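**Student:** Residue numbers (this note's numbering), protein chains in the order written: chain A, 337 to 719; chain B, 2 to 481.
Among the clues, some could well be false.
As the list claims (entries may be wrong) - List time: in silico DSSO-like cross-link candidates among lysine-lysine, alpha-carbon distance up to 30 Å:
| id | chain 1 | residue 1 | chain 2 | residue 2 |
| --- | --- | --- | --- | --- |
| 1 | B | K383 | B | K476 |
| 2 | A | K491 | B | K103 |
| 3 | A | K615 | B | K383 |
| 4 | A | K615 | B | K476 |
| 5 | A | K444 | B | K478 |
Claimed, not checked - Just a sample of chain A residues kept apart from chain B, beta carbon distances all over 12 Å, derived:
| id | residue |
| --- | --- |
| 6 | V351 |
| 7 | A353 |
| 8 | Q383 |
| 9 | H400 |
| 10 | I422 |
| 11 | P457 |
| 12 | L475 |
| 13 | I482 |
| 14 | E529 |
| 15 | L544 |
| 16 | T572 |
| 17 | N650 |
Claimed, not checked - Across the chosen pairs, the derived CB separations fall in these ranges:
| id | chain 1 | residue 1 | chain 2 | residue 2 | range |
| --- | --- | --- | --- | --- | --- |
| 18 | A | Q617 | B | L41 | 50 to 58 Å |
| 19 | A | Q617 | B | K103 | 37 to 45 Å |
| 20 | A | F486 | B | I345 | 47 to 55 Å |
| 21 | A | I482 | B | F200 | 53 to 61 Å |
Keep in mind that the hints were calculated from the coordinates and are not lab data.
Because the structure is a prediction, the values reported are computed rather than measured.
Quick reminder that beta carbons are idealized off the backbone N, C-alpha and C, glycines included.
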Amino acid sequence: MNLKLKDIVPQLITVIAVVLIFGFFTYNAQINMENRGIDFGYGFLSQESSFDVQFSLIEYDGSHSYFRAYLVGLLNTILVSVIGIIIATILGVIVGVARLSPNYLINKFAAFYVEFFRNIPLLLQIFFWYFAALRALPLPQDAEAIFGVFFLTIKGLYVPAFIWQNFSIFFYSLVAAVIAIIVIRIHAKKVQENQGKQIPVFFISLGLIFILPLLSFLIGGVKLSFEVPVLKQLATTSFIYEGGVSLPPELIALTLSLSLYTATFIAECVRAGIQGVGKGQKEAAASIGLTPNQVLKLVIMPQALRIIIPPTTNQYLNLTKNSSLAAAIAYPDLVLVFAGTALMQTGKAIEIVSITMFTYLTLSISISILMNWYNKRIAIQEK
Amino acid sequence: MSKINFLKPDRANLNTFLYLGSFLFLISFLDVFFNSFFNLNLTGFLPNFLSFVLPLVLGFIGLYFIRIEYSGIKRLDLLNKHINTNNFNAVLSLLIIFVIIKSIPPILSWFVVDASFAGDSKDVCTGSGACWTYIKVWMRRFMYGMYPNAEQWRINLSFISLVLLGSVGYFATDKFKKYLTLYYVVIYPLIAFLFIFFFISGGPVFFDFSYGIIAAILSIVIGFFIPGRFKFYYFLTVPLALYIILKYFLFFEEYIELGKLDGLNWVETGAWGGLSLTFIISFFCLIFCFPIGMAFALGRRSGFPLIRYISVGFIEFWRGVPLITVLFMSAVMFPMFLPEDFFIDKLVRAIIAISLFEAAYVAEVIRGGLQALPRGQYEAAKSLGMGYWKMHIFVILPQALKLVIPGIANTFLALVKDTPLIFVVGLLEIVGMLNLAKTNPEWLGFAMEGYVFAAIIFWIICYAMSKYSYNLEQKYKTDR
Numbered sequence: 337m338n339l340k341l342k343d344i345v346p347q348l349i350t351v352i353a354v355v356l357i358f359g360f361f362t363y364n365a366q367i368n369m370e371n372r373g374i375d376f377g378y379g380f381l382s383q384e385s386s387f388d389v390q391f392s393l394i395e396y397d398g399s400h401s402y403f404r405a406y407l408v409g410l411l412n413t414i415l416v417s418v419i420g421i422i423i424a425t426i427l428g429v430i431v432g433v434a435r436l437s438p439n440y441l442i443n444k445f446a447a448f449y450v451e452f453f454r455n456i457p458l459l460l461q462i463f464f465w466y467f468a469a470l471r472a473l474p475l476p477q478d479a480e481a482i483f484g485v486f487f488l489t490i491k492g493l494y495v496p497a498f499i500w501q502n503f504s505i506f507f508y509s510l511v512a513a514v515i516a517i518i519v520i521r522i523h524a525k526k527v528q529e530n531q532g533k534q535i536p537v538f539f540i541s542l543g544l545i546f547i548l549p550l551l552s553f554l555i556g557g558v559k560l561s562f563e564v565p566v567l568k569q570l571a572t573t574s575f576i577y578e579g580g581v582s583l584p585p586e587l588i589a590l591t592l593s594l595s596l597y598t599a600t601f602i603a604e605c606v607r608a609g610i611q612g613v614g615k616g617q618k619e620a621a622a623s624i625g626l627t628p629n630q631v632l633k634l635v636i637m638p639q640a641l642r643i644i645i646p647p648t649t650n651q652y653l654n655l656t657k658n659s660s661l662a663a664a665i666a667y668p669d670l671v672l673v674f675a676g677t678a679l680m681q682t683g684k685a686i687e688i689v690s691i692t693m694f695t696y697l698t699l700s701i702s703i704s705i706l707m708n709w710y711n712k713r714i715a716i717q718e719k
Numbered sequence: 002m003s004k005i006n007f008l009k010p011d012r013a014n015l016n017t018f019l020y021l022g023s024f025l026f027l028i029s030f031l032d033v034f035f036n037s038f039f040n041l042n043l044t045g046f047l048p049n050f051l052s053f054v055l056p057l058v059l060g061f062i063g064l065y066f067i068r069i070e071y072s073g074i075k076r077l078d079l080l081n082k083h084i085n086t087n088n089f090n091a092v093l094s095l096l097i098i099f100v101i102i103k104s105i106p107p108i109l110s111w112f113v114v115d116a117s118f119a120g121d122s123k124d125v126c127t128g129s130g131a132c133w134t135y136i137k138v139w140m141r142r143f144m145y146g147m148y149p150n151a152e153q154w155r156i157n158l159s160f161i162s163l164v165l166l167g168s169v170g171y172f173a174t175d176k177f178k179k180y181l182t183l184y185y186v187v188i189y190p191l192i193a194f195l196f197i198f199f200f201i202s203g204g205p206v207f208f209d210f211s212y213g214i215i216a217a218i219l220s221i222v223i224g225f226f227i228p229g230r231f232k233f234y235y236f237l238t239v240p241l242a243l244y245i246i247l248k249y250f251l252f253f254e255e256y257i258e259l260g261k262l263d264g265l266n267w268v269e270t271g272a273w274g275g276l277s278l279t280f281i282i283s284f285f286c287l288i289f290c291f292p293i294g295m296a297f298a299l300g301r302r303s304g305f306p307l308i309r310y311i312s313v314g315f316i317e318f319w320r321g322v323p324l325i326t327v328l329f330m331s332a333v334m335f336p337m338f339l340p341e342d343f344f345i346d347k348l349v350r351a352i353i354a355i356s357l358f359e360a361a362y363v364a365e366v367i368r369g370g371l372q373a374l375p376r377g378q379y380e381a382a383k384s385l386g387m388g389y390w391k392m393h394i395f396v397i398l399p400q401a402l403k404l405v406i407p408g409i410a411n412t413f414l415a416l417v418k419d420t421p422l423i424f425v426v427g428l429l430e431i432v433g434m435l436n437l438a439k440t441n442p443e444w445l446g447f448a449m450e451g452y453v454f455a456a457i458i459f460w461i462i463c464y465a466m467s468k469y470s471y472n473l474e475q476k477y478k479t480d481r
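Take these sequences, add in the hints, and give me the full structure.
**Tutor:** Below is the structure:
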């Protein structure tokens, strides 16, 4: 070992500084908590929370524990993030491709959209949708049905609920279809490598994913019916929709603004990615006789995706983190339910804020690990 | 006359197709135009659905007819090339044109025609348009927050002086150009700090602090004239000596008491707000996050493993959590970590939190620039006998920072857009003030105007910044 003093001293100084800072903080925290009579611990998580949450995916009321409240908030956060990511991706890809369109109008329209939504703070957009735009919607009794089943009112969006019978059979058939598709894909690849024959995997997969669940309806006894929301009068001026699923306006405003905002960034990533593939690649692919579709599928997209995915991952992470702005419009997400209400009730600032931060860290890191894995899979295999 | 095949427009019957197509397109255009601007339905005699899609169909056929390749008419060819390449594009172009025509009248009427500008009470806002009176009445609150009306000249004066001082760089002659970096990185922020904490905040509370700052500035300025080999000892001793002289021997405080320079009222930071607070916070976070970010970027690429791990931990931690939880932490958790009698103003806490948060992003951006530099640059600098700091300051960082101008600009843009989040710690900048004004019982129901107003302001700021960064990028573009 050739340890030099020059190497050790800077590291030692840094470590000592970090330790001192943290030590200072913990020391103060201990004294402060002692003075205020707060004890440190996570035992409160199993206590009864005794507050209600407006919108939750799992069964929850005041008699459940704080941990259950935490789960409610977490699931709501994940719900917003997933919906937002899906919409933002679709919109972003469309706008990104539109920005490369030879059509002047489409091109400028897309550019306008990107420049407009990108340069306005997200919080302002959320407020705009929630306090200004969605407040202009009709009252429940005045709402007109969209396609006869959806009702968009000031109290939220009412959609029909699915009512399943023997849902598990349907689910298993879906799983079976997915497994079959994976097996067929592997087999098809082997066949192509060995014999050069191409099996139309796409159509077979499409067929499987439709036919197997369909069979479960015909043979397996699965039944699906819809429960359409119906207007009900509570008092002379108070109306409400019963049945179906109601999406609160907070959720709508949040997903709308999150996806509109993030889509602009994804659009820029997509544009950069497609522009990043050299023109020569396209021409070379065309000159060896590939059809335009094949050029896109086999030459352009694999290369463009490699450029698109890393920045897009960042945008997904940003969207997930930005979903915490929900607290500003009282959508019961993790920050509002846990770092807001639960914190007020228990006063356990350090525990609750640290749990919240740790949760977001875990979410971010798991998304980035997932996307890194995918990125590595599609990266060029250099030998 | 040759036979006309309507299914295939060609050059032989150029004029026929041109006139026919233009005519059909004109009809569809006029139909939509009259419908939206004059509320006239020219095709009202038709069934509802047909009347709705007729302009689209007519326009589509019209565009189909005039899509003639190599027509020889320059304008037509340009039109075809840009908006009318094929059927799909034609439909999209038509839809966009119609949407634009349809949306102009309602937007115009809301913004200008039916809007009310005059007066200073809610009563004038009876029209269906926007109520800009609301903005007019609340303008001072939106700009200065709860800052007392009589004292607002202090904010204006400080901002004007700071902008003037900031524009020094444009007028600097070549002789002083080399000091500009020092000026902008050290002296200007300190002056800005003094301005804001003396002038906007008022009162002699921060005097002790300001002695230190004055001592630092003075010693740096004098430091230029000190020969290089004494510099180390100079900076080791003189600033401290200056500080002590200023504090204990010159008795500024007494002079100021006598001269009534502290006639300014103390305005606590809770009363600051509006757009001016947005500027103050963005400015300080921008100044703080840059050096911190640079330090952690270098730390992440350092050869010492412990420093590297600490930097990675720092960066990944701040990048992994949302800003709102960081502000929550600074509001409810941070006071627990400080000695009991130690109080930090909530504005300062917010600035620290945002700076640390953005510093992690700046660090990643700068790291990207450092990684993009070819190894040859490092090796060349080392072979000239440069040490770590010399190499980075004179060779690596100037090139790396040039590379990352767009990334840095994006981070600063994000910073400006993140400032509204300070509502978490109870500070109200322009969006917060809007939410406050919205709940005022005398001015209920004007949320839309307020948000549109703030959106326009933010859009102008952010768009100008992004354009400026684009210009910088073009200016410093070096071919590699």
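**Student:** Now look at each hint and say whether the structure bears it out.
**Tutor:** Results of checking the hints against the structure:
no.: 1; hint: K383(B) x K476(B); result: 29 Å, holds
no.: 2; hint: K491(A) x K103(B); result: 29 Å, holds
no.: 3; hint: K615(A) x K383(B); result: 39 Å, violated
no.: 4; hint: K615(A) x K476(B); result: 27 Å, holds
no.: 5; hint: K444(A) x K478(B); result: 26 Å, holds
no.: 6; hint: V351; result: 6 Å, violated
no.: 7; hint: A353; result: 9 Å, violated
no.: 8; hint: Q383; result: 20 Å, holds
no.: 9; hint: H400; result: 23 Å, holds
no.: 10; hint: I422; result: 20 Å, holds
no.: 11; hint: P457; result: 4 Å, violated
no.: 12; hint: L475; result: 16 Å, holds
no.: 13; hint: I482; result: 17 Å, holds
no.: 14; hint: E529; result: 37 Å, holds
no.: 15; hint: L544; result: 31 Å, holds
no.: 16; hint: T572; result: 24 Å, holds
no.: 17; hint: N650; result: 9 Å, violated
no.: 18; hint: Q617(A) x L41(B): 50 to 58 Å; result: 53 Å, holds
no.: 19; hint: Q617(A) x K103(B): 37 to 45 Å; result: 41 Å, holds
no.: 20; hint: F486(A) x I345(B): 47 to 55 Å; result: 51 Å, holds
no.: 21; hint: I482(A) x F200(B): 53 to 61 Å; result: 57 Å, holds
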